[in-house]
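Fit chain B to the supplied structure of chain A, relying on the hints for placement.
2 protein chains.
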Amino acid sequence: MKKPNIVILGAGYGGLTTTVKLQKKLGVNDANITLVNKHDYHYEATWLHEVAAGTIAPDRARFAIKDVIDGSKVNFVQDTVTSIDVENKKVVLEDGELDYDYLVVALGFEAATFGIPGLLENAFMIGNINSSRMLREHIDYHFAKYNNEIEKKQERLNIIVGGGGFTGIEYLGELTNRVTKLCEEYDIDRNQVRIINVEGAPSIMPGFDPQLVEYAMNTLEERGVEFKLGSMLKECRPDGITIEKDGEQEDIPSLTTVWAAGVRANSLVEKSLETNRGKVEVTPELRDPANENVFVIGDCALIMDKETGRPYPPTAQIAMQEAEVCAHNLATIVKGGSGELEHFEFNNLGTVASLGHSDAFGVVFGNKKIFGWTASVMKKVIDNRSLLKIGGLGLMLKKGKFNIFG
Amino acid sequence: MKKPNIVILGAGYGGLTTTVKLQKKLGVNDANITLVNKHDYHYEATWLHEVAAGTIAPDRARFAIKDVIDGSKVNFVQDTVTSIDVENKKVVLEDGELDYDYLVVALGFEAATFGIPGLLENAFMIGNINSSRMLREHIDYHFAKYNNEIEKKQERLNIIVGGGGFTGIEYLGELTNRVTKLCEEYDIDRNQVRIINVEGAPSIMPGFDPQLVEYAMNTLEERGVEFKLGSMLKECRPDGITIEKDGEQEDIPSLTTVWAAGVRANSLVEKSLETNRGKVEVTPELRDPANENVFVIGDCALIMDKETGRPYPPTAQIAMQEAEVCAHNLATIVKGGSGELEHFEFNNLGTVASLGHSDAFGVVFGNKKIFGWTASVMKKVIDNRSLLKIGGLGLMLKKGKFNIFG
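Which chain is which? The protein sequence lines are A and B, in order.
Per our numbering, the first sequence starts with residue 5, numbered consecutively.
Per our numbering, the second sequence starts with residue 5, numbered consecutively.
Misleading hints may appear alongside valid ones.
It does not matter which identical chain is used: a pair holds within one copy or between any two.
Derived DSS-like pairs (lysine-lysine); straight-line CA-CA distance at most 25 Å [stated by the list, open to error]:
1. K70 - K185
2. K373 - K310
3. K94 - K157
4. K185 - K149
5. K402 - K28
6. K29 - K70
7. K42 - K185
8. K42 - K156
9. K185 - K384
10. K403 - K185
11. K157 - K42
12. K7 - K77
13. K149 - K42
14. K29 - K7
15. K94 - K42
16. K249 - K93
Hints listed in this document are in silico derivations from the structure and should not be mistaken for laboratory results.
Looking at chain A on its own, in the form it has when it is part of the complex (with noise of 0.2 Å):
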C-alpha cells in the first residue's frame, strides 16, 4: 500500500507545530511528511517588534527548521509556494510541484494596506525577520546621518508608528527604549526626538480592558509618544505622512513610517480557495469544507466565537492550538482506524503585551488584569512557553527569554 504524502505549506507558529506534532504521532511506515517554507528557519512573529526596534538581534528570534523536525521522518523543503491546485491536488513551487494526499496550509499573514497611498512603497512593515531589520538599520542609519550632519534634518529623528493595535503598541514599548539609547549613543537631545501613534479609532488597543489600556497610554506618553487617535493616515512619502482628523489634514515631515495597522491572510489563500474575507472558513476539524483533504490553520482560517460573534484574531496561541487538533485529525484519518476526530476548541491562556524591557499588561487566568514587571515576566514566560512546544526544553534554554531583571 503506498504511503500518504501529507504536505504541510509554511514554518511559522502553525504549521511548525503541526510538524512537530505529526512526527510524534506517526511513524516512518504511516505517511511522507513534507514540509515547505520559504526560509531555513523558523522565526518567533510575535518577537519581531523587538527585532524592529533593534532591543534583540534577529538571531535570537529565529532557530533552524532542522534543528526541530526528525529528519528521519520530515522531508523539508526550502521554497516558495506560487499555487495550490486543488482539483490536482498539487502545490506549485517555484523551483518544483509537489503532490499531496492531504494538505496544510499554514501561510499566515501579509501586511494589509487598504489602498492607503504610498504606503505599501513607503512603509516599514514589521513582517519578517528582514524587513523587521532592516526597520532597525534604518532607524539607526538616520541617528549616525542627524549626528554627522551640519545642518540637522528633523525628518531624521520623527518615526511615525500607524496603528494603534498590539503589533504598534508592543513596538512603541520597544522602541521608546531603543530611542534613550540610541541618543545617548549619538549625542542627541532625547526631547528632539518625536515618535507619533496614529490610530483611527478613538483608543489604542480597541476591545482591551480600558483600565489596562489607560495604564498602556500613560505609560508610552510618559516615555514622550505623542498619541493622535481619531485620525486616518491619508498618504504616506518617502519624506512625510498626511494625516486627517475631523476633516483637517496635517502633514507631518518623517523619514520613517511604519506601518502596523493592518494584517490580512496570505493572499495566495484567496486565489486558491474559497474565502470569506480573505480567510477560509473552515469546518470544526479545521477542513475546507469544499476540500476534506485540505486543512488551513492559523492567519489563514477563519473560525466564529461563538461568544462575541466575530473571528478569533490571529493570534500565536490560536494557530497552535489549532495546529495540535489538526496534527490529531491527521494522524487518525493517516493511521484509519477507529479514533475520533477533533473539533477546535479555543482554551484562552491570556493575553500580555510588551512594553519593552521590563514592562508589560494584559489579562490571564480568566479575568485577572496584570501589569509592570509582573506582567512582563510572564510575557517572559509566555514567550518561552511556545519554544518549549516547538523545541523542546534545549530550544527553550537556547533561545528563550531569561533574564527578567534586567
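For chain B alone, coordinates are given in the frame of chain A:
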C-alpha cells in the same frame, strides 16, 4: 602679580597629555590653564578603525574630558577654534575669545584628499567618532538593504578602501572580521562581498619591514581582500570609483568608499602660523620659531628625523612624548626658576598594527618583529598604556582592552 594664561587647543593625545601633565606640575597659583576642545570628550584616534568597522562600540573609544582633568586647576571650554591671532595673543572661538600668554597648538589632523574629484563629497573618512560610526551604520544599512531587496545590487556589498598605510590596513583587518559577522546576520554568502584596497604605491605599508608586510598582505588576502597596488584613485562617485593602473582605467561600482590614504595638519594652523607642508617646523623645545610663547605639538608640528632625513610621522606615540616635553617646558617657564628647557628626542617604543581582534604585526624593542596573537596582545598593551598615561589606572580599567583571548 598676574597669573599667566596658558591656553591649550585640542584634547587629542597631545593636548590632553599636556593638560594632565601641567596640572600635576603647576599649583593653582602658578597659572590659569584653559583647555579648548570641540567635544566634551577625548577619543582614541588610534581605535577609530574599530569603531568604523563596527567591532567596538563608539563609547568604548571615548571618555569624558572632565573625568581626567582637575577642575580646580583647569578650566575646560567646549568650543571650536576659528582662528589664532598671534599678534594680539588671542584665540577666536565660535562663541567667544580667549587671551593667552602661552599657547599650545594641538589641533590634530584632517583628511587630505589631494584634489581627487568627488572624494570629499562621496568618501567616508575615519577621522573622528561621528564620521567613524556613520561609516559603520552605512555598511550595516547596505547589508540590510541588500538582504531585503528582491533585485540584488552588488554595489551595496562592494567596499573600497583607499590607502594601504597604517589606517587603511588596520581598518581592513577589522572590516574582514566584521563582514563575516554581517554575512551571517543577513544571510549573505561571504563570497558575494568584495573588499578592495586601492594603493598608489607598489606595496602596502611602504617603509615597513618587508617580511611583516608580506604577512599582513597574505593574512588579508586569505580573508578575501583584493589588493589593487600601483593604482591611483582618479574619481569617487556616490555609486563607484575609477582607478588607473599603468595607464588603464577601471570603474568599480560601490556605494562605500573609505578614504584612509592621507592626513594633513588641521588647516587652521596654515592660516594662522608660518608653516612647511602645512605644519609648523618647531624648535627643539617645540616652540613656533616666530612666536616663542606658542608651542606646537602632535600632528601640527613638523620635526625632522635625523636618521632618515624625513619628518616623523603623525602618531599618537610621538604626540604624547612631545606633550611631556611641552608640559615640562611650559611649567619651567611659568615658574620662572632656573630649570632648564628640554629638547624633544623621540624614543621609539615600537609600532604594532592590528589585523582585527586577534591578529597584528609590528616591530617592538628596537628591532624585534612580532606577528599573530602575540602581536595582538602587544597592541592591546600599547592601547591600554595610553589610557594609563592620560587618565591613570581607573581609566585604564574602565576603558582598557583586556579580552586577549576573545
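Notebook entry, point to check: Between K42 and K156, at a C-alpha cutoff of 25 Å, which is it: within one copy, between copies, both, or neither?
Noted result: between (41 Å within a copy, 18 Å between copies)
Notebook entry, point to check: Taking 25 Å as the upper bound on the Cα-Cα distance, should K94 and K42 be classified as within, between, both, or neither?
Noted result: Within one copy, since 18 Å is at most 25 Å while 68 Å is not.
Notebook entry, point to check: Checking K185 and K384: alpha-carbon separation at most 25 Å within a copy, between copies, both or neither?
Noted result: within (22 Å within a copy, 28 Å between copies)
Note to self: As a check of your reading, is K185 near K149 (CA-CA no more than 25 Å) within one copy, between copies, both or neither?
What the structure shows: Both: 16 Å inside a copy, 23 Å across copies.
Notebook entry, point to check: Using 25 Å as the alpha-carbon threshold, which applies to K249 and K93: within, between, both, or neither?
Noted result: neither (50 Å within a copy, 61 Å between copies)
Notebook entry, point to check: At most 25 Å between C-alpha atoms: does K29 with K70 qualify within a copy, between copies, both, or neither?
Noted result: within (19 Å within a copy, 67 Å between copies)
Check: When no copy is named, should K7 and K77 be tagged within, between, both, or neither for a Cα gap of at most 25 Å?
Finding: Classified as within; 12 Å inside a copy, 87 Å across copies.
Item checked: Identical-chain pair category, K42 with K185, by Cα at 25 Å -> The answer is between: 23 Å across copies meets 25 Å, while 34 Å in one copy does not.
Check: Under a CA distance limit of 25 Å, which applies to K373 and K310: within one copy, between copies, both, or neither?
Finding: Result: close within a single copy only, 23 Å intra versus 80 Å inter.
Next item on the list: Give the relationship of K149 and K42 under a CA distance limit of 25 Å: within one copy only, between copies only, both, or neither.
Entry: Answer is between: at 19 Å across copies they meet the 25 Å cutoff, but 34 Å inside does not.
Note to self: I want to check one pair: K403 and K185. Are their C-alpha atoms no more than 25 Å apart within a copy, between two copies, both, or neither?
What the structure shows: both (24 Å within a copy, 19 Å between copies)
Next item on the list: If the cutoff is 25 Å on CA atoms, where do K29 and K7 land: within, between, both or neither? Let me know, please.
Entry: within (15 Å within a copy, 90 Å between copies)
Of the numbered hints listed earlier, those contradicted by the structure are 3, 16.
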